[in-house]
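Novice: In numbering that gives the first Met the number 0, the protein residues as written are 0 to 154.
Treat the hints loosely; a few may be bogus.
As the list claims (entries may be wrong) - The calculated label-pair distances, taken between Cβ atoms and stated as ranges, are:
no., residue 1, residue 2, range
1, Asn76, Pro120, 17 to 27 Å
2, Ala140, Gln46, 42 to 52 Å
3, Ala140, Ala47, 41 to 51 Å
4, Thr117, Thr32, 33 to 43 Å
5, Ala47, Ser87, 15 to 25 Å
No lab work stands behind these hints: they were computed from the structure. For glycine and all other residues, C-beta sits at the position ideal for the given N, C-alpha and C.
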Amino acid sequence: MNRNFVTRTLIVAGFAAAAAALTGATAASAGTTPTVYASHGAVYVKQAGHATRLTQDEVSKQPVLSPDATQIAYVHNDTVWVMNLDGSQQHQVSDRAGSAPAWDASGVRITYTATSCTGAPGTFRTGVDGGAASEVVAPAACVTEEAPLVGYIMG
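Using the sequences provided together with the hints, build the complete structure.
Specialist: Printed below as a string of structure tokens:
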């Protein structure tokens, strides 16, 4: 092997290791992030190779882990809900039927898809505590429109 090739390879490997250390992307930390998933209508969390069922009924789907890995947003009976990583504090946050929840980077708000004022799918935003009307994000034609009044769908 060429000495310059070996030197360059070691330099690149050093930069990669430094970048991984700075971002926390080491082999040890990669194994500690929990995984959430739905199976047969129930939400599960998998940590350290062990899966735990978090919801008791069979009407939940689309779980998404919060950026800080402490909460889960999910669809329950066609509305968006949030719970703690251990399954506690399950509560509805959307004020309408919705799907495809997604966390914002700060972990304090969730966007989801629901029927908009045009009758087509739109994007709505709500806080993780729920209890307030969802904000219309898109389509643009609906942003200035008052959202239709809807009630919480419990169940």
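Novice: Work down the list of hints and note, for each, if the structure agrees.
Specialist: Each hint, compared with the structure:
| no. | hint | verdict |
| --- | --- | --- |
| 1 | Asn76 x Pro120: 17 to 27 Å | holds (19 Å) |
| 2 | Ala140 x Gln46: 42 to 52 Å | holds (44 Å) |
| 3 | Ala140 x Ala47: 41 to 51 Å | holds (48 Å) |
| 4 | Thr117 x Thr32: 33 to 43 Å | holds (38 Å) |
| 5 | Ala47 x Ser87: 15 to 25 Å | holds (19 Å) |
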